[in-house]
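Undergrad: Sequence:
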Amino acid sequence: MTTKSNKGIRLEIDIEKCREESNWKKVIELSDQLKWKHNTQGPLCNFLLGEGKLELFLEECPPLESNISKAKSGLSEAKKCLLIAAGEQGVKAGVALDAHLLLGKLHYAMGMYEEALKHFMEADLQSLTEKSLPSRSLKIVAESYAVKGLCLEKVPPSSTSKYKHVEWEEQMIKSFELAGDLTLLYLQEQDKLQQQNVNTGTGSHSPQPMSPTHHMGLILETALQRAPLLHIHAGRIPAAVARYRNMLSAVESSGTHTLRLTLTRQLAEVILRGYTGTKYTAPNGWLGATGVKKVLNSSPWKPRMYTGHNLFIPKNEYEEIILLLLISEAMAGREAVLSQSPEFKEARVLALTNATAVYDLLTVALVRWGQVHLLHEALERALKFSYEEPHVWMQRALCLESMGLHIQALAVTKEVARMVPTKVMPCLLAARMCYQHLNNAYEGMEWSEMALNREINNPQGLLSRCYLFNGVGAHYAALNTHLKVNKHSLNNTAADLLSKGQQLDPNDHLIEYYLGMNYACRGQIQEAISHVKSALKLCPEHASSLHLMVLLLTSQKQYNEANLLLQSALSEFPDSLDLHYVKAHLELHTQGGEVALLTAKNMLILWKVLYEDQTLVEQNDTKSVFQLYTSEMSDKDSSSLHAHSLAASRVEQALSEVASSLSTFTPKPGPQRAWLLQLQIWLLLAELYLSLKQISSAAACLQEATNIYPLSHHIMYTERSSS
Numbered sequence: 001m002t003t004k005s006n007k008g009i010r011l012e013i014d015i016e017k018c019r020e021e022s023n024w025k026k027v028i029e030l031s032d033q034l035k036w037k038h039n040t041q042g043p044l045c046n047f048l049l050g051e052g053k054l055e056l057f058l059e060e061c062p063p064l065e066s067n068i069s070k071a072k073s074g075l076s077e078a079k080k081c082l083l084i085a086a087g088e089q090g091v092k093a094g095v096a097l098d099a100h101l102l103l104g105k106l107h108y109a110m111g112m113y114e115e116a117l118k119h120f121m122e123a124d125l126q127s128l129t130e131k132s133l134p135s136r137s138l139k140i141v142a143e144s145y146a147v148k149g150l151c152l153e154k155v156p157p158s159s160t161s162k163y164k165h166v167e168w169e170e171q172m173i174k175s176f177e178l179a180g181d182l183t184l185l186y187l188q189e190q191d192k193l194q195q196q197n198v199n200t201g202t203g204s205h206s207p208q209p210m211s212p213t214h215h216m217g218l219i220l221e222t223a224l225q226r227a228p229l230l231h232i233h234a235g236r237i238p239a240a241v242a243r244y245r246n247m248l249s250a251v252e253s254s255g256t257h258t259l260r261l262t263l264t265r266q267l268a269e270v271i272l273r274g275y276t277g278t279k280y281t282a283p284n285g286w287l288g289a290t291g292v293k294k295v296l297n298s299s300p301w302k303p304r305m306y307t308g309h310n311l312f313i314p315k316n317e318y319e320e321i322i323l324l325l326l327i328s329e330a331m332a333g334r335e336a337v338l339s340q341s342p343e344f345k346e347a348r349v350l351a352l353t354n355a356t357a358v359y360d361l362l363t364v365a366l367v368r369w370g371q372v373h374l375l376h377e378a379l380e381r382a383l384k385f386s387y388e389e390p391h392v393w394m395q396r397a398l399c400l401e402s403m404g405l406h407i408q409a410l411a412v413t414k415e416v417a418r419m420v421p422t423k424v425m426p427c428l429l430a431a432r433m434c435y436q437h438l439n440n441a442y443e444g445m446e447w448s449e450m451a452l453n454r455e456i457n458n459p460q461g462l463l464s465r466c467y468l469f470n471g472v473g474a475h476y477a478a479l480n481t482h483l484k485v486n487k488h489s490l491n492n493t494a495a496d497l498l499s500k501g502q503q504l505d506p507n508d509h510l511i512e513y514y515l516g517m518n519y520a521c522r523g524q525i526q527e528a529i530s531h532v533k534s535a536l537k538l539c540p541e542h543a544s545s546l547h548l549m550v551l552l553l554t555s556q557k558q559y560n561e562a563n564l565l566l567q568s569a570l571s572e573f574p575d576s577l578d579l580h581y582v583k584a585h586l587e588l589h590t591q592g593g594e595v596a597l598l599t600a601k602n603m604l605i606l607w608k609v610l611y612e613d614q615t616l617v618e619q620n621d622t623k624s625v626f627q628l629y630t631s632e633m634s635d636k637d638s639s640s641l642h643a644h645s646l647a648a649s650r651v652e653q654a655l656s657e658v659a660s661s662l663s664t665f666t667p668k669p670g671p672q673r674a675w676l677l678q679l680q681i682w683l684l685l686a687e688l689y690l691s692l693k694q695i696s697s698a699a700a701c702l703q704e705a706t707n708i709y710p711l712s713h714h715i716m717y718t719e720r721s722s723s
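Here the sequence shown is numbered in the UniProt record's numbering, starting from 1 and rising by one per residue.
Treat each hint with caution, since some may be false.
[As the list claims (entries may be wrong)] Subject to a maximum C-alpha distance of 25 Å in a straight line, what follows is the list of computed SDA-like cross-link-like pairs (lysine to any residue):
1) K26 <-> P134
2) K174 <-> G274
3) K279 <-> L361
Calculated from the structure, these hints are not laboratory results.
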């Protein structure tokens, strides 16, 4: 008898070990042995057999609606065993409670949600005492609360009573939150047990096998994410944020690596969308002092939390969002699949999708707060797993452009255009960079023509914009040529292309603006005024159209009208150096040099406010001084170039290279565009002082301009005028 008893105990220990390890085939095998050798173990054997068959089936067919029909036929034996275990004999054997909990899970898999809830009521799930439980029991209880919450979602209250509905919702959220806490605790306990097994191993110095990752399963993963989503759906954003923070503050376990990526990203998105400004409460307000942390850990059903003095706690929404997204980015990079083998395609696409969602949020947040350099670093790290992925490369191109690194941005955009041979947008972006930043009208025309061909072959709703870009290219090319025949031909081409764009989209203010610009450059002032008026009707706040209209009015000697429009434009755009520049010249011709001098001095003060901080950054761009005559200073989507400036910029670049090789010129630190704007202001001041016959003051202004860019031909011209 003693031998049989010892064998039975050993068998039960083996079964318990297999249950902890989720080795359900072995559990069924050992349970059969226990059943035939020891008939007195009937309820226990039925429970173990039912549990094993249920879990084994769910491993192959997860509890999804698409698997309900399979579950109804495949779980009949498991149901029979568990119903026996839940009977009177099971109560005496002490397995009835667990049997009811597993029956609830079984009926949920079979789509019988009300029946599942009845079994949870039989088990008195809502009144279970919070006490320390073995690892397997922890998971059963956690899954029971999760299944209860999922069943409640499927079976809303039949009563229309508001109180019944609130009670139902509270019960559902409480079930999910309890399930989430128990899941985190279960995974922590699994890691703890695994570590103990490693520490009590053979004791040899041979390398230990890698610890298996404990997966929580579909039910528990759904429950963890469901509670905050229900809070959000009900409009309780602070409660949702608190729940996210609670879960993320739990000590990480091997089974939550992938889930934490999702949670950190979701929390960052929630804060970005609806928890900013006065609504926001910093995490330290939620965590409180040490006493509150003790309360969080006082229940045996609460997971262990991170504690200590070296924890970084964000002080505001910006710190928290950036911290969350950088953590998400680090985890996304760790989970990335680098192999391009076909067998890893599904995993690679999934990892890239998760990473792309993080980088999109990083883009939204960091660009909004002006942290483009931080975004650039993140996108650089993303390239290692973004082979031939145009979305990430496009983001990088836009990021480089916003940093002023236009040559690099164009190179990346070319790669994007190659990756997506039918897309129009990369071609238009490349054309814009050529026109606006690189003084390369002819390459811009090539990109615009490519965009037009792609749009014709694969319509994407951008035909009018393609004609606009082609027209702009022809217009700039006309300005860039000095041969009368070529200039006339290019101007006509530009007008034809812009007119086609206007016919396709008569509500595009940019087309009207460039038509006005084209006519103005050809000396057809009345036609130019007509088109600029149309542009202003379509978009009254377009600064470049206002600027051009003022210039056209002055060309007609309508100084009063020009001055009124200029004052109105400056009230809308007080920081526009373009408009201030025109104002100074207009005042010089109408009110005298003294008044114009005040405006120019105010421009210098305005430059200091707008750009002085930028000049402290030790990063140079490659902007040419001659681009200061464009309208780039105020509106980036409609810059205009002058032919002599384009031609001279190439001469200047050659001189600059020679000077650099002789170490005769060192660019100022920071963005060169800011310094070149200041150069233009000093030249304006010098011109105004010359008009007032104040030669010494003009010379001082020229010296300041020389300190910025000694090779500028504008400085040489002004010096010649003053001598």
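Undergrad: So, for every hint listed, does it hold in this structure?
TA: Hints versus structure:
For the proposed pair K26 and P134, the alpha carbon gap of about 20 Å is at most 25 Å, so the pair holds. Simply put, K174 and G274 have alpha-carbon atoms about 23 Å apart, close enough for the 25 Å limit, and the pair holds. Between the alpha carbons of K279 and L361 the distance comes to roughly 20 Å, so the proposed pair stays at or under 25 Å and holds.
No hint from the list above goes unmet by this structure.
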